[in-house]
Amino acid sequence: KPKPDTLGDSISSNALDRNVSVAQEDGDIRTPLAGLFERCKEDAVLPLAQALGPVASLIPDCSGTLRLVERKARQVLRQHPDKYGHLGENLVSYVLLYTYESKPPDRSPYHLMCEALREKRREHVKTWVDYIWGLLCALKRIPPATDRVLYRGCKLAFAAFGPNYAEGEEVVWYAFSSTCNKIKVQEQFTGPTGDRTLFHLEMQDRGVGRDIRDLSWFPAEAEILLPPGTLFRIEGSSDLGNGLTIVQMRQLGVEDPILDLNQ
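Residue numbers (the working numbering): 655 to 917.
Keep in mind the hints are simulated off the structure, nothing from the lab.
We treat Cβ as the ideally placed atom computed from N, Cα and C, and that holds for glycine.
What follows is a list of derived Cβ distance ranges for each label pair:
#1 G739 / N896: 42 to 52 Å
#2 D893 / S711: 44 to 54 Å
#3 E777 / G861: 26 to 36 Å
#4 G822 / P911: 23 to 33 Å
#5 R728 / D859: 26 to 36 Å
In silico EDC-like pairs for lysine to aspartate or glutamate, Cα to Cα no more than 20 Å straight-line:
#6 K838 / D801
#7 K838 / D849
#8 K794 / D697
#9 K757 / D715
#10 K794 / E909
Let the sequences and hints guide you as you build the complete structure.
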């Protein structure tokens, strides 16, 4: 496993969590988040340290984490000046923090933020609003990923997802969704045996997600990030045997316009 301040090329335990956390997308309906972002302005993204102020006590060694992330951001900007120079260190740091792995992993900023985004009591998101807003603004400045098909999976039997994932149902994934465009990479998360569910995501609106591999601590994960509130329809599922079910889903849009990276 690479050290935190180097460009890694392995699958991290945090990446495993980001992918398999789809199991927590239960298909129940939450209320919109738009009202929480009323005070936010795209041209006024806070410094990352200030944005994390309300949640700093939740993140192990938050100040040390910020120093590493900022150091990494400068490294990325040196390596990809033409691609990401327009973002600047602060916005690059916002994206890098998303894949940062704390110890223990369930205290990673990603994990804590996405838990809040999935909460039915939407006030849980309030303390994360400034970071989420900055991350969205950074992602909007990255070229859209134009892949027609993306994949996400977990080591869980499809039956565990329940009736909300029946054919014809519409499902919103309320947290940020980590996906990839290569099924071979996805197999590293689901494994070759046991109960597994693989989501085959047909992207009706190409460009919904953003390829963040060069802004990740683990570029080999080839991560394409979808925004919170991405809406899908279940087209069907196929039991392929040996514990594997493939679920075909068609992306329909982003339910909450303020979270849409193309708005």
